[in-house]
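Place chains F, B and E on chain G using the hints.
Below are the chains, spelled out letter by letter.
Number of protein chains: 4
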Amino acid sequence: MLRAKEIGVEDQLSAAVRRVRKQSETLCEPLAIEDYMLQAMAEASPTKWHLAHTTWFFETFVLKPFAPRYQPFAAEYEYLFNSYYNRVGPQLGRTRRGLLSRPTVAEIYRYREVVDECLLELLAQESHKDRDLIRQRTELGLHHEQQHQELFFTDIKYNLSQNPLSPIYLPLDIPLTSSKVTLQWQSFEGGLQTLGYDGEGFCFDNELPRHQQFIPPFALANRPVTQGEFIAFIADGGYQRPELWLSDGWAAVQSNGWTAPLYWRSDGDNWLLYTLHGLVEPDPLAPVCHISFYEADAYARWTGARLPTEFEWELAARERTIEGHFVNDGIIHPRGACNAADPLHQLFGDVWEWTASAYAPYAGFTPGSEAVDEYNGKFMCNQMVLRGGSCATERDHIRPTYRNFFYPADRWQFSGVRLARSL
Amino acid sequence: MLRAKEIGVEDQLSAAVRRVRKQSETLCEPLAIEDYMLQAMAEASPTKWHLAHTTWFFETFVLKPFAPRYQPFAAEYEYLFNSYYNRVGPQLGRTRRGLLSRPTVAEIYRYREVVDECLLELLAQESHKDRDLIRQRTELGLHHEQQHQELFFTDIKYNLSQNPLSPIYLPLDIPLTSSKVTLQWQSFEGGLQTLGYDGEGFCFDNELPRHQQFIPPFALANRPVTQGEFIAFIADGGYQRPELWLSDGWAAVQSNGWTAPLYWRSDGDNWLLYTLHGLVEPDPLAPVCHISFYEADAYARWTGARLPTEFEWELAARERTIEGHFVNDGIIHPRGACNAADPLHQLFGDVWEWTASAYAPYAGFTPGSEAVDEYNGKFMCNQMVLRGGSCATERDHIRPTYRNFFYPADRWQFSGVRLARSL
Amino acid sequence: MLRAKEIGVEDQLSAAVRRVRKQSETLCEPLAIEDYMLQAMAEASPTKWHLAHTTWFFETFVLKPFAPRYQPFAAEYEYLFNSYYNRVGPQLGRTRRGLLSRPTVAEIYRYREVVDECLLELLAQESHKDRDLIRQRTELGLHHEQQHQELFFTDIKYNLSQNPLSPIYLPLDIPLTSSKVTLQWQSFEGGLQTLGYDGEGFCFDNELPRHQQFIPPFALANRPVTQGEFIAFIADGGYQRPELWLSDGWAAVQSNGWTAPLYWRSDGDNWLLYTLHGLVEPDPLAPVCHISFYEADAYARWTGARLPTEFEWELAARERTIEGHFVNDGIIHPRGACNAADPLHQLFGDVWEWTASAYAPYAGFTPGSEAVDEYNGKFMCNQMVLRGGSCATERDHIRPTYRNFFYPADRWQFSGVRLARSL
Amino acid sequence: MLRAKEIGVEDQLSAAVRRVRKQSETLCEPLAIEDYMLQAMAEASPTKWHLAHTTWFFETFVLKPFAPRYQPFAAEYEYLFNSYYNRVGPQLGRTRRGLLSRPTVAEIYRYREVVDECLLELLAQESHKDRDLIRQRTELGLHHEQQHQELFFTDIKYNLSQNPLSPIYLPLDIPLTSSKVTLQWQSFEGGLQTLGYDGEGFCFDNELPRHQQFIPPFALANRPVTQGEFIAFIADGGYQRPELWLSDGWAAVQSNGWTAPLYWRSDGDNWLLYTLHGLVEPDPLAPVCHISFYEADAYARWTGARLPTEFEWELAARERTIEGHFVNDGIIHPRGACNAADPLHQLFGDVWEWTASAYAPYAGFTPGSEAVDEYNGKFMCNQMVLRGGSCATERDHIRPTYRNFFYPADRWQFSGVRLARSL
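Just so you know, the protein sequences line up as chains G, F, B and E, in that order.
0 is the number of the first residue of the first sequence in numbering that gives the first Met the number 0; add one for each residue after it.
0 is the number of the first residue of the second sequence in numbering that gives the first Met the number 0; add one for each residue after it.
0 is the number of the first residue of the third sequence in numbering that gives the first Met the number 0; add one for each residue after it.
0 is the number of the first residue of the fourth sequence in numbering that gives the first Met the number 0; add one for each residue after it.
Read the hints as simulated data drawn from the structure, not as lab findings.
Please note that a few of the clues may not be correct.
Selected chain B positions facing chain F (in silico; Cβ < 7 angstroms) [said to hold, decoys possible]:
id	residue
1	Ser82
2	Asn85
3	Phe213
4	Leu245
5	Ser246
6	Ala357
7	Gly363
8	Pro366
9	Lys377
10	Cys380
11	Asn381
12	Ser421
Pulled from the structure, derived: some chain E residues nowhere near chain G, Cβ distances all over 12 angstroms [what the hints assert, rightly or not]:
id	residue
13	Tyr108
14	Arg111
15	Val113
16	Phe152
17	Phe203
18	Pro216
19	Leu284
20	Thr365
Ideal Cβ positions, reconstructed from N, Cα and C, are used throughout, including at glycine.
Excised from the complex, chain G in its bound form:
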C-alpha cells in the first residue's frame, strides 16, 4: 500500500497520508449507516470505531505532542477511541464499542477530516524541531491504519454474518480456480540462520532485532491446504476424533460445537460458504480459510505432517517475490494458486498461514517505554504467529518478516494452513 517511492520524500509521505486515509473511507462505501454500528462479538469492532480509532492514533501520538496549537476535536474521544494504550489513560471497555451511537458516523467523518488537515499541515512544517519523530510516528500510523483496514473486512464479515439475512458487503462473482496444483514438498537445508527484518524501509518492532536461529532440515508444502482437502478431513471424522487434536483444541471443538471452518454452512448434503460477496459453494482447489490454529494443527496431524515454525516459513519466504491474491484485487476471498514460476505458491496473500510458533519476543527485543510502544510487546503471550498476509491485506503492507498473531481459537481472520515436515 505504501509505495516505496512515496516514503522518504516529504510530499510522498503526505501523499501516502491522503491515500491511506482515503482508502479507509472507500472501503466503507458499500455500507449502510446501520452497518457501521455492528459489534457481534467483543473482538469484532464496529466500523465506526475503526474509523475513529485510527484517527485517534494520529491525534494522540502526532498532533497532541507535536502540534502545540492543535485543539482536540472532542475531549471525550481520548477515552472513547483508545484501544488498549494504558499509558494514554483508561479506555471504554472493548465490549461496549457497539453502544456508541453517538458520535454519529457523520461526526466521525468530520473528526477524520479535521485530524487529516492538521496532520498534513504539521507534516508541511519542514523546520519543525521534531520533524523526524513526526514523520516516523505518521508512518507508523499509516501502517496501523492498514492493519485496521484488514480488520475492517474481518470484523464486518463476522458482524454481517450474524444476521439471518446473510447480507452481502459487495455482490461479486468469485472466479473458480481452474487448474489444480498437486501437493509437493520443497526441501530446505536450514542451518544457523539470521532472521528478522534487515531492509531500509518500515517494519514493526516485533520483526526485530535480527538474530540467529538454528533450523534443522525441513520441507514445506508447495501451496496451502485446499478446501477440497479439508472436506476430506471433515468426511473422515476429523472433528470427532480427539486423538487428532491438542487437548485445548479438543476442548474448543466440544464447547463451541465446531464441525467445520467458520462461515461454512451445511444443508446436510452440501456446504455453502458465507463470504463478503454472498454465499458460494466451496472451491475445492482454493485454500481453506477461517480455521483456528487448533484446526490447522489437527489437519496437519491427520496427514502425518506438522505446521512450519515461523522461522522455517521466513527462511523459505525471504528470497521470494510477493505474489498472491491481495485486497488490491477487490475480491476479499482466497483463491487457488496462480500459475507462477515459483515452486512455492501463495506464500503471500490469500490466507494467513498459522505457524507452530508461539508469539514471543526475538532474542534482544526491548520495547520502548512510551505509550506508543505498547504496540506489540505486551501481546507476546498465549498467541500464535501467522505469516504471509491474506486476501484482505494490502500487497505493499506485507513482508517476509511480518509477524501477525492471534489466539489459537480465533477463526474470524482469513487464516489457513500450509504443511511442513522435518527431514
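Chains F, B and E in isolation, oriented as in the chain G frame:
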C-alpha cells in the same frame, strides 16, 4: 390515546390506526439512524425492532389470516420480528436484535407503509366475513403498539444512558415541583369486592374475569414516595442494611452493586439523574423512579409501612378521574403532585407503582388457544404487578384495572412506589 | 414428630429434644464419612453442615442469649454454620459448605453432644427468668431441625445421584402400588373463608395471622398425578410443546435440557428412577415426584385443568385426618394411594403439592425484628407455595396450614402435583 | 526418588514399585478421611482421586494389556479414574471428581493393594514375552506417580486453604533463612548448543529428541527472587501499574483481584503466608512462591531484567549437581539459598522457575500413537515451561532436562522466578 369516540365507528378505527401508527414514528424524530440500532441489554430492544415488531403484529394477526391477497413484505420478517409467539414459529433470539443492521431503518419504514396501507384497505371492506375479528385484532394491535411506544422510551433511555457521552433524546427544561404535598393516609374499609374490568371498551385479557376478592381495611399514602424521601433512605444506610431487604433483594443489591436508583449518579456530594432531557438534579418533591420492586419493598419496610396489593390499589383507583403527568405532556420524567381536588394524588401517570401482588391469573382466567393469545397468560409467574401508568404512558391507554408486570429486579421502567398500611 | 403430649410439660420438651436430636443422627447411620462431605449444587448442603447448623441454631438463639455461663464450643462456628441470619453476622458463602473438611464429622458430633447437654441443663432450670422464651425458642429449634431432616434426605439424594455409581442410601424393596384409584373430582363451594393456623400448638409465623379469603367454587382431584399419567404427558411430546408452558418454564426446559422429572433415566425404551433405595422402574400408580412448578403447571395445562391455590388446598385439607406415607414408614419414596375412606387421597405425605400461589405474607403479617425472626418473611418473593408434606416429612411435623415454598424451577424436593378446576 | 541402582535390575524395579507406591500413602497419613474428598477448584483434584488414578495407570497400561488373567477391580473405575486419555475412553468430568464419596477411601486403598500385588506378580514373570514393555510402562507409571505426589501437596494445600479455619497439614516450624545471598549475575556465552536428555536412565518423551538451539550470550541471576524483593515490588505499586504487565496478565490481575502471590494474606500492616505447616510471616531471604507466569514476568520487567528461556536455563543447569530443598527434607515450603560452593544457587528444588518459553515440541518430536502416549504431546499449547523442581518434588525425580508446564495464570504450584539478562 385511543379516543373513545373513535372506537366502534369504522372510520374512527381507521383514524386510530393512522394516528397511533404515526405516533410511533413521531417519537423517533429526534433520533439519529445510529440510535435505532442500540441494544445495551437483552430487555432493551432497538428502536428499529420496535417499529418492525409492531408492524409484524398487524401483518401476522390481521393481514395474513384475513387478507388473502396480501403478499408478505419479506418472508424472513416472520422470524426476525416475532417477539415470543411460539405458535407463529421460532424467533430470533432476543439478545440478537441489535445485530440486525439490515433491513435498514428506511426499509422498516417502507414495511410500515405497506402494512398500514393494506390494513386500512382491509378495514374498509365493510362486508368482509371476518369483519368483527379483524376490527378486534386491529384494536388489540393498536394497544399493543401503545405499549411499545412506552417501551420505546424506557429502552432508548437505557440504551443511550450506556454511552459515556450521556446523549440527550430531547433537550428540555423539566420544571421543578413547586408545592409540597405532605404525606397523609387515606383509609379504605375494604370488604368483599368485585374487581377486574367491567366497562364496554377495550381491555386486556389479564384484567378479566371480574371476580371477588376480600380486602381487609387499609390505608394508602396520598402520593408516591418522593426523591427527597428516598435520599433520606439512602443517607440512612438503606442500601447497606440487609434487615430491610427481602433475601433475593439483598442478593440483587450485592451482586449488582446497587447504591441508588437506576440513572442516579453521584459525584460524592450531589446526585445527578440521567433523563431523556439531560442530566438534572433531583427534584425532592417529585416521585422517585427507576427503582426495583426490591427497593420499593425495602423502602416501605424502612418506614414501617408496606406496598399495597394490586386489589387495594384498584379499589382506591376505580372511582377516580385519571389525572397525572403522561407522555402527552411531552416531558418523559415524573414530576410532583399536581394541586388536585382529589386527596389521592397521582394514582395515574408519573410512575408505575409496584404492588405487593405477584402477577397471577384472576380466578377463572383462561387464555385462548390461538397464537395471538400468547399475549399475557404465559408470563404469569415470577413477576410483580405494577399499576397506574407513568410519564411515558399515553393518558388514554391507562385504566384503573390495567395490570402491568415486571420482574422484581427490573429498574429500567418508570417504576416508583406508593406506601400502604393495614388498619 | 413432636408428640402433642410432650409439648407443654417440661420433661416432655426435654424428651422431645432428646428424641429429635437423636433422630438426626440416626438418619446418618447408613452414610460413609465421605458421604457427609458432598455438596453437588449450592442448594444441596452437606450432611455435615446440616448436623452443625441445626446445633448452631440452639447455640445461637438459646444458649448464647440465655445461658450466661455457656462457653461457645468454637468461636468460628458462628460464621461457618450460620445459614442466612444477617442479624447474627456474616456467613460462609453457601456454595462453600462442601469445602469444610474440618471440623471433622467426629468434631461435629462432639459439638452436638456439648450443645445438647447445655440445652437440657438450661431447660431444667425451672426458675429461669426467660423460661418461656427459652422453651419457645427450643420448640422452634426442634421444628427447624425436623425441616433439616427432610432436607437431609433431599440433599443426600441429589448429592449421591451425581455419582456415576448411583450409590444407594439404604437398600430396600419399594412395594409397587397394587390398586388403582381412578381420577375423580371433589367439589367445594368455597366462599368467604377464614384461613391460617388456629390451633393451640406450634406453628410457623408464616401460617399467621388468621385472615379471610374469598374462594370461588372449585373441584380438586382425588389424588396426585401419577407416574403413569406423567409418562403419557412425556409420550405426547409434553416437553417439546412450548404452548403448554409458562414462558419462564419453557426457558427452563430449554436451558436445562429437561425431558423428564429429575432422577428419571432412560435407556431409550424404559425409564429407571434413581431413589434412595436404588434404581427402580416407574410405579404407574404412584405419584410423580421431583417435578418443578413449571412441569406441574404444564402438565395441568395439558389436561385442561390447573393447579389449586394454596387457599383451595387448605380449605380442602383442614378438616381431614393426616394420612399418607411419611418418613416414619422408612421408605423415602412416594407410593400409590392407600385404600382410605376419605375420597381425597394423600393430601398429606408422599409428595409436596405445588400450588398456584406465590409465597406471600398473609394480610396483617409482620415478622419480628430479632435475628431469629429472619426465619420466613424475607423469603416471600419469587417462590411458590407447596402443601401437604412428603414421604420425607415426619408425620407429626405437618399441618393443614403448613406452607412450604421453593423456587418454581426447583426439582430436588419430593414435589408433585394435584389438579384443580374452577366450577 | 527412583534411585539409580534400583532401575535396571529386576528386583530393584519391584522394590521401587513398593517404595513409590507406599510413599503416596505415607503422604496421606496426616489427613482426616474428610480431607481426601476436597476439590475446591477444577484443577485441585481430591486426594482420593490421586490415589485411585495413579493405580488406574498401572491397571490400564500394564495389567490389562499384559496380565491376561487380571480381573479388573471394578469395571466403572476405567471411567471414573481416567484423567484425560481419550484413546482409553470417556472420562468423568474433571470438575466432578469431588463428588465421588464412593468408592470410599478404604475401597481405594484396597484397589491399590490388589493392583500392587498383581503388578508385582507380573514383574516377577521373567519370561513374559512383553517383559521389556511391562518394565518400561511400570517405570513410567512410577514417575507418573511421583508427579502426582507433588500434585498431592499442591492440591491439598489449595483445598485446605479455602477453609476459613486454615487447617494445617502437618504442624512444623519452618526455619528462617539465616544468611543473605546478594543478587549477582552469572554470565554464559551461549552459542549453538545441543539440548535435551542424553542420559541412559528414564526421561519423559518431551525431553527428547536431542536437538540444536542457538543461544546468544546471557546472564542468569545467582538465585531466585526472594520474598523480600517481591514485597518491594508490591510496595512500589507493582500490582497497580499496567505498564509492567503483559496484556493478558493485566487482565488477570484485574479480573482476579490479585494484589499479592497466592496464599499471602494481609491484615493491613503485615503479610502472613498460608503454608502446609501453618500461617507464617514472610521470610525475606527465601524464594517467593505461588506466583503466576504473569507475576514473574511483571516482576522481571520492573527490575529491567527478563525471564530466562528454557534453553538458557538448561544450559546453565546441565553440568551442575542437584542441590536445593526437596520434599525429602519434610518441609513443604521454599527456603533461602544454602551456603553452596556453586555460584548458582537453588537451580533445583525450592521453587519451579517460570521460563520465557512456551511449551512446544522439540524439533523432531513425534509422540507415539498409543493411549499411553497422550502423556505430554497434546498439552503443547498455551502453557509455559517451568524448570528445576520444587520443595514438593522428590530429589531423584528431577533432571536438568526436565520440563514442567502450566498455564500462565496458574499459581497453585510451588512456582517462583529467577531473572535473566541478555548480554
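Against the structure, the hints come out as follows:
1. Ser82: violated, 11 angstroms
2. Asn85: holds, 4 angstroms
3. Phe213: With a closest approach of 4 angstroms, the Phe213 (chain B) hint holds.
4. Leu245: holds, 5 angstroms
5. Ser246: Check passed: Cβ of Ser246 (chain B) comes within 4 angstroms of chain F, closer than 7 angstroms.
6. Ala357: holds, 3 angstroms
7. Gly363: holds, 5 angstroms
8. Pro366: Hint on Pro366 (chain B): violated, closest Cβ of chain F at ~10 angstroms, above 7 angstroms.
9. Lys377: holds, 4 angstroms
10. Cys380: holds, 5 angstroms
11. Asn381: holds, 5 angstroms
12. Ser421: The hint holds - Ser421 (chain B) has a Cβ within 7 angstroms of chain F, the shortest such distance being about 5 angstroms.
13. Tyr108: holds, 30 angstroms
14. Arg111: holds, 27 angstroms
15. Val113: Label holds. Min Cβ-Cβ 30 angstroms, cutoff 12 angstroms.
16. Phe152: Phe152 (chain E) is indeed farther than 12 angstroms from all Cβ atoms of chain G, at 24 angstroms.
17. Phe203: Its Cβ never comes within 12 angstroms of chain G, the nearest being 16 angstroms, so this holds.
18. Pro216: violated, 10 angstroms
19. Leu284: holds, 30 angstroms
20. Thr365: violated, 9 angstroms
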